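Chemist: Put the two chains together into one complex; each comes in its own frame, and the hints tell you how they fit.
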Amino acid sequence: MKMILKGGRLIDPKNNIDQIAQLVIESDKITKISTESISSNGIEVLDVSGMIISPGFIDLHVHLRDPGQEYKEDIRSGTEAAAAGGFTSVCCMPNTKPVNDNEAVTHYILEKARKEGLVNVLPAGAITKGSRGEELAEIGKLKEAGCVALTDDGWPVMNSEMMRRSLEYAKTFDLVVMPHCEDRHLSEGGVMNEGRTSTEMGLRGIPCQAEEVMISRDILLAQLTESRIHFAHISSEGGVRLIRDAKKRGISVTAETCPHYFTLTDEATLGYNTNAKMNPPLRSIKDREAVKQGLKDGTLDAISTDHAPHSPDEKEQEFDKAPFGIIGLETVLPLALALVQEGMITLSQMITLLTVNPAKILKIKKGSLEAGSIADLTIFDPNEEWVVDATRFKSKSRNSPFNGWKMKGRVKFTIVSGKVVYRG
Amino acid sequence: MILKRKDLIALKELQKEEIELLLDTAVSFKEVATRDIKKVPALRGKTLINLFFEPSTRTRTSFELAGKRLSADVINISHSSSSAVKGESLLDTAKNLEAMNADLIVLRHPCSGSPYLLSRHLKSSIINAGDGAHEHPTQGLLDLYTIREKLGRIAGLKVAIVGDITHSRVARSNIAGLSKMGASVRVVGPPTMIPAEIEKSGVTVFHELREGIRDVDVILMLRLQLERQGKGLFPSIREYSELFGLNKENLKWANKSVLVMHPGPVNRGVEISPEIADGLSSVILDQVTNGVAVRMAVLFLLSGAST
Chain A
1 MKMILKGGRL IDPKNNIDQI AQLVIESDKI TKISTESISS NGIEVLDVSG
51 MIISPGFIDL HVHLRDPGQE YKEDIRSGTE AAAAGGFTSV CCMPNTKPVN
101 DNEAVTHYIL EKARKEGLVN VLPAGAITKG SRGEELAEIG KLKEAGCVAL
151 TDDGWPVMNS EMMRRSLEYA KTFDLVVMPH CEDRHLSEGG VMNEGRTSTE
201 MGLRGIPCQA EEVMISRDIL LAQLTESRIH FAHISSEGGV RLIRDAKKRG
251 ISVTAETCPH YFTLTDEATL GYNTNAKMNP PLRSIKDREA VKQGLKDGTL
301 DAISTDHAPH SPDEKEQEFD KAPFGIIGLE TVLPLALALV QEGMITLSQM
351 ITLLTVNPAK ILKIKKGSLE AGSIADLTIF DPNEEWVVDA TRFKSKSRNS
401 PFNGWKMKGR VKFTIVSGKV VYRG
Chain B
1 MILKRKDLIA LKELQKEEIE LLLDTAVSFK EVATRDIKKV PALRGKTLIN
51 LFFEPSTRTR TSFELAGKRL SADVINISHS SSSAVKGESL LDTAKNLEAM
101 NADLIVLRHP CSGSPYLLSR HLKSSIINAG DGAHEHPTQG LLDLYTIREK
151 LGRIAGLKVA IVGDITHSRV ARSNIAGLSK MGASVRVVGP PTMIPAEIEK
201 SGVTVFHELR EGIRDVDVIL MLRLQLERQG KGLFPSIREY SELFGLNKEN
251 LKWANKSVLV MHPGPVNRGV EISPEIADGL SSVILDQVTN GVAVRMAVLF
301 LLSGAST
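Chains A and B are the protein sequences, given in the same order.
Using our numbering, the letters of the first sequence map in sequence onto residues 1 to 424.
Using our numbering, the letters of the second sequence map in sequence onto residues 1 to 307.
Bound conformation, chain B alone (with noise of 0.2 Å):
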């Protein structure tokens, strides 16, 4: 099978097979990993610019160990090193890189839709990587991906995502994406975070914790971006932990085998308490492993290669 687009810029857009089809791919990328030599020729001759505009580490060096992993010629451009503190546009700086006939371009970019306006002009293939509060789609299949590889299934479950779903990438992509292969969404959060007419794409809103955690199979817990706070969205970092995050007494309001997963980096204690991060219900660590294979599989099937 191959993957009939160009690009990959949200989750929303993705029909349910194609889903299947990169998580698939990426259970075979995974045993890579596990390899002596991990390294494969697929993208041999093949360019990968990573174009990045907001910090990240881990998305970063996952999507750059992916392409080296798949032998491509992988190039990190970071806002600070690049033309757009000269005051280049976005899409002259693109159209630059495709002069420099960059295969693959992934794109983390602080303005919703970025990803768009590149793949209008651009022939290489766009991979989003987080636009704005729009979506974060590898973000999302790691998370569909590591739920797969842990409970067996997607269909049927029972998610909770929990935190300032207004400013969340990774909440569209998952709401997406968990929607499309069945699983039943809901989303927890002061209404001060729960944006406008969200119901309206299948989710159920809770503005309690225990109420919208409760019987839950999955958790997944979002960054509370601190520097919010002071935007009045939510009093005190102190009253959020305690109204919204993650302990022990809480958690068992949730099924007994719950996944807790976080897209990372996590604030110790202020969205989960150290011992549940640490815990044996968290699956962080095995999203970020799981994060790396895939991105080759994303990469992979849109160089046109087909499983």
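Okay, chain A solo, but in the shape it has when bound (with noise of 0.2 Å):
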């Protein structure tokens, strides 16, 4: 199989490229790329003027809630939500059910992607068993069954000296570790933000201390046992300052945020809309902005969409029942690109939070388009403007914020290992 992308922009900030080019696939890898017209005789042609190719995106943060709720979304509705946001990688959380914390589980996992996914599913194993806490899981394990990375996910580990050995045992595997950083007492109760509006609303607010207690602690003991650590899903103005002067003083840490943490506010939530219920919560506005500097100054280093997909009806509850998250591949472009248009961050920057940086976080051979690399690329069309309609969406959820929001930039094509899995 041979195939050419013609007249596209190709860009890949690993290697500094941004040019007009023409990209030559064969079977799965990418085989030259060229300025010079290429000649097409009996080669399949990708016409995609006017479009940006770029390495494929990949998603340091999704749920894909397979095994155990499949009536929220499986490895097959995840991973075709995936490619129809541009991306071609997924790492997927390990609370589900039974959580990720044996080999069992994660060649379950990576057993049934390989037959119905539709990108690559990166799993991430727990970091202690059923996420309590407690005890270390089996990393070791987990590492030989194709763990890329360990996270209890939604469960801070609260004890310090559990979180300690935690970061010593997994440097052994060279797995990069994803705290969720929450301080659980100070967070007790919560189900937004804590400031304004859930003081008129009468919900009870985290505040962003909360989160910023545990990444203070987690900062001190990446310094203590120099491992690795990477912050998930950063949404304060503190997070943020607390990170910036970390990597100043040289502590190997990276971080993530989401598009609803720049984008969005706590007022999203009046009128109890559950869809803008996650946690971390959205925060204020002085929060948003610090969250988009973050972007721009290279403190965070990027951009994941923490997909979490619950069903209508457990959506469709009163606020303080209503779970956590919201479902975000699909409307991750267009949210991001929102950032390019309003020159926070070029173009370039922003691609290099969507794939070079999440590849070196995971340390996986992803994220550029060298010629000989996987043919894995996100093709997009900046400009072409749409109305989200989460009733279309790929996932089997429909808990988006943004369903209804006029949006521009839009994916064109996913490709992955040399194949079309998307074309929009």
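A portion of the hints provided could be inaccurate.
[Stated by the list, open to error] Some chain A residues near chain B, calculated using beta-carbon distances under 8 Å:
1) S198
2) T199
3) E200
4) G202
5) G205
6) G271
7) P312
8) E316
9) Q317
10) E318
11) D320
12) K321
13) R410
[As the list claims (entries may be wrong)] Below, simulated DSSO-like cross-link-like pairs (lysine-lysine); rule was C-alpha separation at most 30 Å, straight line:
14) B:K180 / B:K16
15) B:K86 / A:K321
16) A:K321 / B:K12
No lab work stands behind these hints: they were computed from the structure.
The structure displayed is predicted, hence computed values, not measured ones.
For every residue, glycine included, the Cβ atom is placed at its ideal position computed from N, Cα and C.
Modeler: Here it is as structure tokens:
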């Protein structure tokens, strides 16, 4: 199988390339990139004029809900949603049922992904058994089975000694630890950001400090153990500042944020909109602006989605009772492009946040477009306008706060290992 | 005049004119209660369902009486006797009630915002009888009514709300209602009971009782939720009572003609000393009486009637 992509603007930040070029794919690899015209006799041609060719997007934080909660999402529907959002690889969180804290679950995920998945599925294993924060999971076995990272996802390891040992032990296997930073005592009972809006709505708030206290602790533990920590879904101004300072002091930490934290504020919950209920919660304008600055100056290394599907029945409840989480795979591109349009980051920076850096964090050989590399590509039209209709999402769930929004920028093709897995 | 809305969920959403209409309508209904036959046919043939997911005596009885005095058919459903204990969702419970053609549903629920969930899905009028820590609009209205009745006006008055503001729906409804009617509102309590950024809703915050009630015209005491002791909000009932309980001594800091109010039930000797609760300044029982008239006005106007 051979295919030529013609007329596209190729952006590969890792190799400092930004030019109109043609790209040849043979079998599962990129074989040639050329600014000269290439003869296309008898070869399939994909006309991508006016579009941007980027390395395939990599999402560090998704929930595929498989095994255990396939009514919300499964590996098939989740990877279809990923492909529709331009992602060629997704790192799936271990809070499945059962928890991915042993190689049997990892094997199940990888096997099902091989059979039914449209994009690369990279499982994250649990740090501790059952993600209970009490005993180390069999981290060596998880690595051997194919896990690329460790996290207890929604559960912070509250015990500092346990967290220290986790970091030390994970280091042996060169696995990055991705904590969810939340002091559960400070956040207890909270369902949204603490501030004017929670006060008006009479809902229990979660202060930013619940995130910041744990970031501070984990920075100290990263320093102590000289291990790699990657902070998941940063939402607060203080969080960004702590990470910026840690990086300046040479401590090995990286961090991600999600489109909702640089797009929305806690006012999105007004009217008790459970599609704006997530953890960490949407914050104030000041936090949103700090998150944008963090992306701009490189404090935040990556954009992930924290794609968290829930069924309509679960979300259509009293605000207190509805589960935390929103879906995000299919809206990330236009929301990230909005930052480019407002001049906050460049297109090349945006692509770095979605490709080069996530690959570095996971230490996987992806995120660039050299000849010889696997052909994982995202091709998008930065100018196409569309209106989000959640009922048309590939995801099984509909819990998006962006339903009905007008967006600019759309994925046109997603190519995984040389195969077109999505056409927009 | 008519009330141009389907539901009554929050005083925050009401215009000043709507509040005035409700209060004025309540005046004529208060008169009904003084008659020999305390019943008018205004809601004959209408069905009112009191759906209470939290224990309540006075609010539920008050709504029941209001409905009956307007000749509506009134049904009471409490949490323990509802299918919620079988795991039915609030929405499904409500849809079933609507299938029985309820015209008005009065909802008391522990979760803030739950009446909005019903109002989005049901054609029946939804009346919020207290949702979590959000609002208790009929309590707010009856407080406004009582103040206006006793002091002749609301605009320009100084009102202090004292106690656990964070968890109080009564406080939120009163802040919204009083501010709209032109009163100036202050909240008084220990910092552990004052919610974040409350001053942004236009109130002044005090952590010392005497300063907080200095020269005020109305003191609205909130019920101390004793079950919160041990949750770090206050060290002991004794200390709370000494610092924030209203007694003869500290009441002198307020205006001479001050009204002392309380939504009930009162923890006697904790929030208010018995001599104050039963004293001349207290209008606690007037609040209860006025509650029926105000709720009659709410039911009457929401069912599309005009004055």
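Chemist: Now, for every hint given, state plainly whether the structure supports it.
Modeler: Hint check:
no.	hint	verdict
1	S198	holds (7 Å)
2	T199	holds (4 Å)
3	E200	holds (7 Å)
4	G202	holds (3 Å)
5	G205	holds (6 Å)
6	G271	holds (6 Å)
7	P312	violated (11 Å)
8	E316	holds (6 Å)
9	Q317	holds (6 Å)
10	E318	holds (4 Å)
11	D320	holds (4 Å)
12	K321	holds (7 Å)
13	R410	violated (31 Å)
14	B:K180 / B:K16	holds (6 Å)
15	B:K86 / A:K321	holds (16 Å)
16	A:K321 / B:K12	holds (24 Å)
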